[in-house]
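Visitor: If you're matching them up, the sequences are chains A and B in order. Read in order, the letters of the first sequence are residues 1 to 310 in our numbering. Read in order, the letters of the second sequence are residues 1 to 310 in our numbering.
These are calculated hints, taken from the structure and not from any lab test. Owing to the predicted nature of the structure, the values given are computational and were not obtained by experimental measurement. Check the hints yourself; a few may be wrong.
The list cannot tell twin chains apart, which means a pair is met if one copy fits it or any two copies do.
List time: in silico SDA-like cross-link candidates among lysine to any residue, alpha-carbon distance up to 25 Å [said to hold, decoys possible]:
id, residue 1, residue 2
1, K80, T248
2, K222, R204
3, K43, R197
4, K272, P88
5, K310, F264
6, K153, T13
7, K153, E306
8, K35, L194
9, K35, R176
10, K222, F264
11, K310, S59
12, K153, Q305
13, K284, F182
14, K310, G131
15, K16, L194
16, K284, P79
17, K153, C130
18, K63, L83
19, K310, R133
20, K63, A205
21, K153, M282
22, K104, L224
23, K104, E306
24, K16, E232
25, K284, D81
26, K310, R258
27, K272, L76
28, K3, S218
29, K80, A277
Protein chains: 2
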Amino acid sequence: MKKYTVGVDVGGTNVKFGLIDPAGVVLHRNRLVTKSYGSDKNKLIKALADGVLGLIAASGISKAQVAGVGIGLPGLVNPKDGLVIFLPNIPGWRNVPLKSRLEKHSGLPVYLENDVNLITLGEWGFGAGCGCRNMIGMTLGTGVGAGLILDGKLYRGEGFAAGELGHMPINFEGPRCNCGSFACFETFVGNGRLQQRAADIFQRADIALEDVFQLAKSGNAKALRFWQETGETIGTGLIGAVNLLNPTHIVIGGGVSRSHQFLFPAIRRTIKARAMAVQGRMVKIVRARLGDDAGIIGAQILVNQEQQAK
Amino acid sequence: MKKYTVGVDVGGTNVKFGLIDPAGVVLHRNRLVTKSYGSDKNKLIKALADGVLGLIAASGISKAQVAGVGIGLPGLVNPKDGLVIFLPNIPGWRNVPLKSRLEKHSGLPVYLENDVNLITLGEWGFGAGCGCRNMIGMTLGTGVGAGLILDGKLYRGEGFAAGELGHMPINFEGPRCNCGSFACFETFVGNGRLQQRAADIFQRADIALEDVFQLAKSGNAKALRFWQETGETIGTGLIGAVNLLNPTHIVIGGGVSRSHQFLFPAIRRTIKARAMAVQGRMVKIVRARLGDDAGIIGAQILVNQEQQAK
């Protein structure tokens with residue numbers, strides 16, 4: 001019997017649900033607004049279970065046809081014990097046994113994962129990293145996050161906290177970072193900093209990064225230089241991980257990656273110029289392909305891998 | 001029958017041979033001078049095979065009691081195909097099928113590995129990293145090298161070039177590096193730079209790092225500050241790898257680690273202050289325990305793992 005997966009991508013704003021077939025195709029979707037549950041985590045847990053069951057019912061399949069549920073969460077997750085340790089942007093979540101709670105509510109096997117790891121799994125299995133053995137999945141947004149596929153498996157680190165590419169220091173001096181340190185990669189290329197740089201360059205406090213993208217497309221020299229310099233800084237921030245891990249693919253997603261035509265050549269040039277010979281020659285910088293679906297599609301791989309590992 | 005391993009540690013100056021028992025104890029030793037073979041790699045290969053067989057004969061055991069030979073080499077090695085790709089400090093070595101050549105000469109199974117990876121395996125299995133799942137083994141010397149144990153296995157990277165911790169850039173500006181880049185971790189804490197700093201501080205061109213260590217032991221304030229600042233820079237260079245990989249142990253060896261009593265507190269303090277909460281709390285900075293034997297002892301683990309993987 002062909003088995004489906006339910007993917008759930010929990011964000012600070014929305015929760016997205018998707019029914020995924022074995023080929024990684026999203027067949028049905030649903031969503032709910034995270035904030036309408038405030039800090040009442042029991043209500044949100046119930047809504048997650050209802051969302052999963054509602055999606056299955058609306059899809060016209062039976063629960064028996066669903067292999068399991070994979071959930072991506074924006075924070076620190078212990079997938080082994082099925083615990084949500086801490087979610088910085090959703091109040092009230094500390095050491096929540098979400099796996100067992102949802103399994104009870106839904107009657108389905110549930111697997112938890114950090115959201116960036118789930119996105120990385122999706123891009124690895126069905127997106128831009130298809131089939132490779134060693135890959136970094138990076139998202140450029142307010143923060144800079146990453147997931148690591150090493151020797152064909154998601155690498156989580158001892159405390160499930162690996163992949164913090166955005167918090168590698170890349171200079172001796174630099175802006176304070178939310179993590180408590182300073183001069184982290186993220187402080188130079190996170191959206192906040194990019195927007196501030198754009199505002200300075202164009203002398204317009206309200207300019208959006210999308211505007212700078214459109215300006216670059218129309219050939220504006222300042223905008224082109226903005227993306228080129230941003231690419232050089234991103235490239236600089238990636239050299240350390242490239243030399244340390246020797247991956248074949250760095251898959252870059254997130255809003256800023258829309259400007260890939262201007263950004264990626266500068267990233268590639270910087271890495272070619274400064275990474276070590278073998279590492280620099282082997283690594284490809286590619287754009288994420290699955291967009292907002294990466295997380296729910298990644299759930300298919302998570303559920304598969306966890307059930308095979310048993 | 002109890003099986004032994006022969007470990008071979010090929011350096012630019014010497015080749016060390018050791019007969020290792022299953023508990024990781026070196027029972028017998030031998031060595032030869034690498035340079036006496038010049039760039040004649042066939043002679044050196046023959047001498048390696050003779051060294052292995054001579055050690056076995058001198059130990060009074062039979063070849064049947066030897067599980068295999070593990071060889072650490074100072075350069076880029078392809079352990080899968082048994083090739084030495086390139087040795088920067090031993091002339092004439094490019095794409096040498098050393099595994100098959102030595103197996104023919106010795107009649108024993110032979111496994112190749114990069115020397116720092118072999119040291120890391122030794123420290124992991126029988127030294128300071130004993131039993132942990134996620135560890136970085138770092139050697140501080142002329143260069144800064146590292147091996148990575150991730151999820152309980154040596155991680156080699158796609159082109160067997162992973163672990164280049166010493167070539168992670170840690171500042172936007174800095175000295176030119178041998179690797180072709182600049183501002184690499186190694187350019188700030190490699191022996192050359194440390195000696196130059198010591199010479200500047202003490203106004204003595206011929207001062208050795210060992211002298212600065214002795215001065216620190218006698219309470220010399222300049223020497224104490226030298227090691228503290230060096231520790232802070234080493235800590236700064238490690239934060240990126242700690243945040244990215246979330247290991248429990250960083251095992252530090254090499255000449256400079258002799259000054260651990262002055263160096264390590266500053267490394268630990270810097271990491272505590274700037275690494276992310278989970279990563280910083282979990283990581284221990286420990287001194288390598290096996291000294292010059294780490295590589296030949298690591299051969300025991302390499303041979304074991306490769307034969308189990310079959």
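Visitor: Each hint should be assessed against the structure and marked as holding or not.
Guide: Against the structure, the hints come out as follows:
For the homomeric pair K80 and T248, the shortest alpha-carbon distance between copies (17 Å) is at most 25 Å, but the shortest distance inside one copy (28 Å) is not. In this assembly of identical chains, the alpha carbons of K222 and R204 lie at most 25 Å apart only when taken from the same copy (13 Å versus 51 Å across copies). For the identical chains of this complex, K43 and R197 are neighbours neither inside a copy (41 Å) nor across copies (61 Å), given an alpha-carbon limit of 25 Å. Within a single copy, K272 and P88 get their C-alpha atoms only as close as 36 Å, which misses the 25 Å cut-off; across copies the closest is 21 Å, which meets it.
Taking the shortest alpha-carbon separations for K310 and F264, neither the intra-copy value of 40 Å nor the inter-copy value of 41 Å comes in at or below 25 Å. In the homo-oligomer, the alpha carbons of K153 and T13 never lie at most 25 Å apart, since the shortest distance is 30 Å inside one protomer and 39 Å across protomers. Taking CA atoms no more than 25 Å apart as the test, K153 paired with E306 passes in both settings, with 11 Å inside one copy and 19 Å between copies. Within a single copy, K35 and L194 get their C-alpha atoms no closer than 27 Å, and across copies no closer than 54 Å, so neither meets the 25 Å cut-off.
For the homomeric pair K35 and R176, neither the shortest alpha-carbon distance inside one copy (29 Å) nor that between copies (51 Å) is at most 25 Å. Taking the shortest Cα distances, K222 and F264 sit within 25 Å of each other inside one copy (17 Å), while across copies they are farther apart (47 Å). Proximity of K310 to S59 under the C-alpha cut-off of 25 Å is found in neither arrangement, the shortest distances being 28 Å within a copy and 45 Å between copies. When the C-alpha separation of K153 and Q305 is checked against a cutoff of 25 Å, the pair qualifies both within a copy, at 9 Å, and between copies, at 19 Å.
In this assembly of identical chains, the alpha carbons of K284 and F182 lie at most 25 Å apart only when taken from different copies (22 Å versus 29 Å within one copy). Both within a single protomer and between protomers do K310 and G131 lie at most 25 Å apart by alpha-carbon distance, with minima of 22 Å and 23 Å respectively. In this homomeric assembly, K16 and L194 never come within 25 Å of each other (Cα to Cα): the closest approach is 28 Å inside a single copy and 54 Å across copies. Within a single copy, K284 and P79 get their C-alpha atoms only as close as 30 Å, which misses the 25 Å cut-off; across copies the closest is 23 Å, which meets it.
For a Cα distance limit of 25 Å, the shortest separation of K153 from C130 qualifies both inside one copy, at 13 Å, and across copies, at 24 Å. Taking CA atoms no more than 25 Å apart as the test, K63 paired with L83 passes inside one copy only; the shortest distance there is 24 Å, against 52 Å between copies. For the homomeric pair K310 and R133, the shortest alpha-carbon distances inside one copy (22 Å) and between copies (20 Å) are both at most 25 Å. In this assembly of identical chains, the alpha carbons of K63 and A205 never lie at most 25 Å apart, being 52 Å within a copy and 77 Å across copies at closest.
Taking CA atoms no more than 25 Å apart as the test, K153 paired with M282 passes in both settings, with 19 Å inside one copy and 22 Å between copies. For the identical chains of this complex, K104 and L224 are neighbours neither inside a copy (53 Å) nor across copies (60 Å), given an alpha-carbon limit of 25 Å. Taking the closest pair of Cα atoms, K104 and E306 come within 25 Å of each other only inside a single copy of the chain (19 Å); across copies the shortest separation is 43 Å, beyond that limit. Proximity of K16 to E232 under the C-alpha cut-off of 25 Å is found in neither arrangement, the shortest distances being 34 Å within a copy and 44 Å between copies.
Taking the shortest Cα distances, K284 and D81 sit within 25 Å of each other only across copies (24 Å), while inside one copy they are farther apart (35 Å). Taking CA atoms no more than 25 Å apart as the test, K310 paired with R258 passes in neither setting, with 39 Å inside one copy and 45 Å between copies. In this assembly of identical chains, the alpha carbons of K272 and L76 lie at most 25 Å apart only when taken from different copies (19 Å versus 34 Å within one copy). In this homomeric assembly, K3 and S218 never come within 25 Å of each other (Cα to Cα): the closest approach is 48 Å inside a single copy and 71 Å across copies.
Taking identical chains as interchangeable, the C-alpha atoms of K80 and A277 lie at most 25 Å apart only when they sit on different chains, with a minimum of 20 Å there against 38 Å within one chain.
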